[in-house]
Each structure stands twice: as structure tokens, then as C-alpha cells.
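If you read the protein sequences in the order shown, they are chains S and D.
Numbered by the numbering used here, the letters in the first sequence go through residues 9 to 241 in order.
Numbered by the numbering used here, the letters in the second sequence go through residues 354 to 435 in order.
These are computed hints drawn from the structure, not numbers from a lab.
Treat the numbers as computed from the prediction; the structure is a model and nothing was measured.
A virtual CB, placed ideally from N, CA and C, is assigned to each residue, including glycine.
Mixed in with the good hints, there may be bad ones.
Unchecked claim - Reference excerpt, derived from the structure (chain S facing chain D, CB under 8 Å, subset only): (1) Leu-13; (2) Phe-19; (3) Val-31; (4) Gly-137; (5) Gly-140; (6) Asn-156; (7) Gln-160; (8) Thr-164; (9) Val-169; (10) Arg-170; (11) Gly-173; (12) Ile-211; (13) Leu-215; (14) Val-218.
Unchecked claim - If you anchor each label on the Cβ, the simulated ranges turn out as follows: (15) Val-185/S <-> Pro-433/D: 23 to 31 Å; (16) Val-409/D <-> Glu-226/S: 40 to 48 Å; (17) Leu-155/S <-> Ala-431/D: 40 to 48 Å.
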Amino acid sequence: MDNPLVLEPLFRLGPVPVTAPVVATWAIMAGLALFSVLATRRLALRPGRVQTVLELFSATLDGQIRATMGRDPAPFRALIGTIFLFVLAANWSSLIPGVEPPTAALETDAAAAFVVFAATTGYGIRYRGLGGYLRTFAEPSWVMIPLNIIEQVTRTVALIVRLFGNVMSGVFVIGVVLSLAGLFVPIPLMALDLLTGGVQAYIFAILATVFIGAAVGESPSAAPRAKEEEQSP
Amino acid sequence: MTGSLVEIVSIIAAAVAVSFGALGPALAEGRAVAAAMDAIARQPEAAGTLSRTLFVGLAMIETTAIYALVIALLVLFANPFV
């Protein structure tokens, strides 16, 4: 059985070894980009089938972001939606024979989680200013500073390990079952894998939303209402 | 029997880590889902918020089991003592 923690390079581009997950990741990125360009090229007021599906997805995404962050979803829609679609496509790419999901490799998950980490810091600084964002580490009191810094690291690591563990264990279990009984037996497990992949993509995206929402804080429109409630009793 | 003592102990340790590491999160997730079911039954109009919070919470709980799995994999495939 293959070691899930070590990757063998497929070929080399000069000094850079290229592994199978890298190829699959670039293929997924190219596929998603191509699909997006083709699908949004002719947008109409009376939408066709593809546009209806896209609008449904976009509206659901907006609703989720608004419900989670309590803010206008427009600045975050592109990032969260892309993360969700990429992780979903990566998890479900195991449907194609011969392709292992790139999220079953630690490096892909680390890259995705690093994007979330960078976005959290970036949005936090953009919305609160550098001083304001750094001040959130001292909330509710300065005693919490080390814990808040550790939390930034641990939740990113947890994001990596959660996605990696779920997807990789699915691939692993199918490999074990395949070596025991080849025909038809792994199919229910593969169906379960699709469910796990969808749920994990949702969780990855919603956790990214939660982290970014915590970094940017409450929306200014919600703040005065809280003040009124304080004064009213 | 060709494995060294360290390899044999590693396999047993991996099995123990996964089995006991799965116990706690399984019980905890069961409790969380039961509580969410109860809440949805009492207040069906809040089902959207409840299930979103439930999913995030389940992901958090599940992480502990995944940690155990990763430790087991490290012991099996990247053991520093073999």
C-alpha cells in the first residue's frame, strides 16, 4: 500500500518535481476557470439552464455568507465561492477513473488553508486597520494574547488536517476494500465518499467564512442597533 | 514474522489510537446531533441556523478523531523509530 504522506514525482520541469496532485490541481483550476468564462460569456435577462444554476448557487452562497457574517456578502463572494467550488471539484475528482483527489495530499490542503489564513489577516487589516486588527488579539483582555496567537496557528492546522484526514481516509478505505473484493463492493463506500466530499467542502467554506467574519468584526449597520439596546433598559 | 518489535508495537499502537480516539468524538457527535434534533423539533423555523451551527460544531468535534487518525498514520508510515 502506498504511503499517503509521501508523494512520488510524475515528471520534472527543470529542477521542479511535479506530482500527480499538482497536475490534478492545475487541471481542476483550468476546468473551473474555463467553465466560468464560457458560462458567463452570454448572460441574459431571461436566463438559460446554466445561468439559472449559477444564479441559484450564487444566491445560496450570498444567503449563507450573510447569515454567517451579518454583512453584505459582495466583498467575500468570490473568495468563499471559489474555495467551495475548488474543494468540491477536488473532492469529487475521484469520480474520474485514475484520478486521486488532490485534497488527499497534505500539500494541497495546506495551500488552501494558507489562502484562508492570508485572507483572514488581509480582510481583518483592511476592515479594522493594522492597529485595530492587532488590537483584536488583546480581546477580551491582554492575558489572552498568547492564546489568540496560538489559536491562529491551531485553527489553520486543524483546517489542513481535517480536510486531509477526511478525503485521504476515504481514498484509503476504498483502496483496502478494493484489495479484498474488487467488483461492486467498493461502490457504496465511494457513494459515501461523495457525501463526505460535499460536506467537507461545505465545512471548509463555512469555516473560512466564520474566520473572516470574526476578523472583520460586526458590520457598522449592526453596531448602532446594539448601542440602542444598551441604552433602552 | 519478519517485522521488528518496533513495527509490531507501532501497528498495535495505531489500532489503539484510532479505536480509542474515535470513541470520544463519536459519543460527542451523537450528543450534538441529538441536541440539534431536539432543537429543530421544538423550533422548526430555526432549522437553517441550527444545521449550519451543527455542521461547524461537528467539524470541530470530528477534528479530534482526525488527529488520532493522523497520529496513527504517522506511526505506521512516518515512524521516526523504525
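Evaluated hints:
no., hint, result
1, Leu-13, "5 Å, holds"
2, Phe-19, "24 Å, violated"
3, Val-31, "23 Å, violated"
4, Gly-137, "28 Å, violated"
5, Gly-140, "26 Å, violated"
6, Asn-156, "17 Å, violated"
7, Gln-160, "16 Å, violated"
8, Thr-164, "12 Å, violated"
9, Val-169, "6 Å, holds"
10, Arg-170, "5 Å, holds"
11, Gly-173, "4 Å, holds"
12, Ile-211, "4 Å, holds"
13, Leu-215, "7 Å, holds"
14, Val-218, "6 Å, holds"
15, Val-185/S <-> Pro-433/D: 23 to 31 Å, "30 Å, holds"
16, Val-409/D <-> Glu-226/S: 40 to 48 Å, "19 Å, violated"
17, Leu-155/S <-> Ala-431/D: 40 to 48 Å, "30 Å, violated"
In this structure, the hints that do not hold are numbers 2, 3, 4, 5, 6, 7, 8, 16 and 17, in rising order.
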